[in-house]
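Q: Let the hints inform the model, and build the full structure from the sequences given.
2 protein chains.
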Amino acid sequence: MEIILKNCSCILTQDAKRSTLSNRDILISDGKIAEIGQNLSRSGYVIDCKNKLAMPGLINTHNHLAMTLFKGYGDDMPLDKWLKEKIWPAEQKLNAEAVYNGTMLAFAEMIRSGTTTFNDMYFFSESIVDATINAGMRGFASYPTIDHNNPEKTDSEIRNVKSFLSYLASKNTGLVKPMVAPHAPYTCSRELLERSKELALKHNIGLHIHVSETVKEVNDSIRDKDMRPVEYLESIGFLGPEVIMAHSCHFSKEEIVLAAKRGAKISHNPTSNMKLAGGSMQLKEFLDAGILVSLGTDGSASNNSLDMFNEMKVCALLHKFSNNNPEIASAQQVFDIATRGGAKVLGLEKDIGAIEIDKQADIVLINLKDISMIPNHNPISNIVYSANGSCVDTTIVNGKILMENRILKTIDEEEVTDKVNEFASTLV
Amino acid sequence: MEIILKNCSCILTQDAKRSTLSNRDILISDGKIAEIGQNLSRSGYVIDCKNKLAMPGLINTHNHLAMTLFKGYGDDMPLDKWLKEKIWPAEQKLNAEAVYNGTMLAFAEMIRSGTTTFNDMYFFSESIVDATINAGMRGFASYPTIDHNNPEKTDSEIRNVKSFLSYLASKNTGLVKPMVAPHAPYTCSRELLERSKELALKHNIGLHIHVSETVKEVNDSIRDKDMRPVEYLESIGFLGPEVIMAHSCHFSKEEIVLAAKRGAKISHNPTSNMKLAGGSMQLKEFLDAGILVSLGTDGSASNNSLDMFNEMKVCALLHKFSNNNPEIASAQQVFDIATRGGAKVLGLEKDIGAIEIDKQADIVLINLKDISMIPNHNPISNIVYSANGSCVDTTIVNGKILMENRILKTIDEEEVTDKVNEFASTLV
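Quick note, the sequences are listed as chains A and B, same order. The first sequence finishes on residue 428 if you use the working numbering, and the numbering steps up by one all the way, no holes. The second sequence finishes on residue 428 if you use the working numbering, and the numbering steps up by one all the way, no holes.
Honestly, I wouldn't trust all of these hints.
No distinction is drawn between identical chains; accordingly, a pair holds when it is met within one copy or between any pair of copies.
What the hints assert, rightly or not - DSS-like mimics (lysine-lysine), calculated; alpha carbons at most 27 angstroms apart, straight line:
| hint | residue 1 | residue 2 |
| --- | --- | --- |
| 1 | 409 | 50 |
| 2 | 369 | 86 |
| 3 | 84 | 400 |
| 4 | 369 | 177 |
| 5 | 419 | 261 |
| 6 | 284 | 86 |
It is worth saying that the hints were derived from the structure and are not from the lab.
A: Given below as structure tokens:
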């Protein structure tokens, strides 16, 4: 199907020159951006984009989507206690259906707030694949492995990953792709990390891992391995351009150099890190070292929102504050991280992250009459500092309309809500 | 007129016990909360509150409302440069009509995001009074005085304040009240501060002032006066329970003791302080000292949002992060600051800040079907960490409905938007 976004008041292309266009049409054909120009007159589904701003869909690179089920279930607690007393016991009650519905609720929130691509890591990963296909989202699913140095568990976890990879391959879909996701250096044995790396290289897919989220984790690593986490990952040959490290709050200077040298990439999760008081990654130092940085919300249980507009603002605020410098993390820089940056970190920079001819049509339309966008001195400032996701009017992924006029097209919100509430009631 | 909020699924009363009620009606009569109970059957306007949560309206205690006109006009700059190069030149173009419309735009944003009371400080203050009356908001208006140690200016500024006080008195309205607002210890002469204090005491009204927003301001005070700002205010007899100090980022231990001893109060502005990299007030230390703390967004040019839901979240995140402690600034504590805390700081604790019989009916209804509120493990956690202002369905001030079903009742949003855009175009 062809779609024409007619007469967009503003297009923030996020191309290499960060070109801004006014009063242009965007023609979407076969899922791609086919043409950008004036008075494009083709047949097709027309969306009137007067008073609308078109921008690339936002890219959220670290998620545990089905944790929407635990949103508000435990807050204001240290990470360790929160995991052991609240989250891990609650996760024992998960099943495939709950994960499916929790993931669908996450997708509803993401589509409503202009996110078009995710990078998930959660149990019952087959359900994440099914939900992605049904919702029409773009993203990466992975099964998080944890063996706590138990060799039997190592084998069974690797079997689980292989089984997940086969399941996904059988679906024959381009929209959802796999990664291999050893949970973290402190929850995975050396063998599990090495076998994960082998699998990722064999299948030519990414590795998604939590690294240096807390000081405790770093101190434990030094105590147990006589190395900091990134040094340890380097020592076992784990680092590489296929690696996406979430959080990354406590890298030494040497570890930043190591990550840069190996081309490893970062998912920065400012809200989650602040909420759990884990610390802050060093945005300026990472970017100065040439490391690719993207933005992620983490799961709903530690954020507790999947709205990337909020995440962009918190990212800017955190780095201005912690560097005592209001010029750091400018609106444009943060918007770049949430669009082009996400695309690069996920290895999809040829496909998404900008509105350009031949890229996939992952496009968000913002209502320029929303109060957050008035006055319009600087649309990128308004997006990062003034707006939240409720300014999004329409969300398109791969040329398919997932929301128009704030009506979801692929998700039955009422049904998903009922099922999530039903599961939530089993936790009490 | 009587209004019945019928069958509220949840009422967060924010009374002394923080009682939560389920499935109760709230009867509003003559602007007050007349009754809370089950099956209240009176005639009156009925709002069906199934799947709605009722909570006290949010209280925003430091504003420059008409700075909506400059939203996005200058960002990512140090405070000094931002004021001198962007804001002060732009403010030269202000006029009464622009301030009226900028204030109305702010009210539209506030009503949409559940704020019912403000505390403003801005030029053309008569326009703020007019806008408040027309919008039906509750709040405090004040004319900010600055004399930069010029005695002629001192006299004219005091005349301006008196004239503003007369204007407001002539309006004979209970909803908008005055304060006296010497801008800051570094922009006001000692005489201006002293005469402001006299005026406030004479009229039995509050004093609203910026204090210790930046390190530079503190260092300049030590250089010029051999005292830190709060020590200086104490030395001239300025401090007292009628004083509301905005920002208050850089108090020494001794200054915290001084503020507590004098009963001076705080408006904490976390987003603005982080965005301008001004620093952080010490929430735990202030509360431990028994100082009354409230929350404010500051103006739209330095935030750039007036959404108190976002402000509550940023408040919690900032203090967890900067204290390395996720247990600090819990959801309940931050919600208290934004409701009961605001009421106390403004001296309105008998009238607003909680849903209790005989309090004024400043009530916000939240749509519990909004994704941010699902699942409902903990509504206060959802309000502080998950939601933004777009979950607000209905806003009532003093028993008058200002928004219902997200339709504004007292503000013509289209007209206000057009006028704000018109003024904004004169700045370019």
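Q: It remains to establish, for every hint, whether it holds in the given structure.
A: Hints and how they fare:
1. 409 / 50: both (22 angstroms within a copy, 26 angstroms between copies)
2. 369 / 86: between (42 angstroms within a copy, 25 angstroms between copies)
3. 84 / 400: neither (41 angstroms within a copy, 48 angstroms between copies)
4. 369 / 177: neither (36 angstroms within a copy, 32 angstroms between copies)
5. 419 / 261: Neither way: residue 419 and residue 261 sit 46 angstroms apart in one copy and 54 angstroms across, limit 27 angstroms.
6. 284 / 86: Cα proximity of residue 284 and residue 86: across copies only (26 angstroms, versus 34 angstroms in one copy).
Hints 3, 4, 5 from the list above are not met by this structure, while the remaining hints are.
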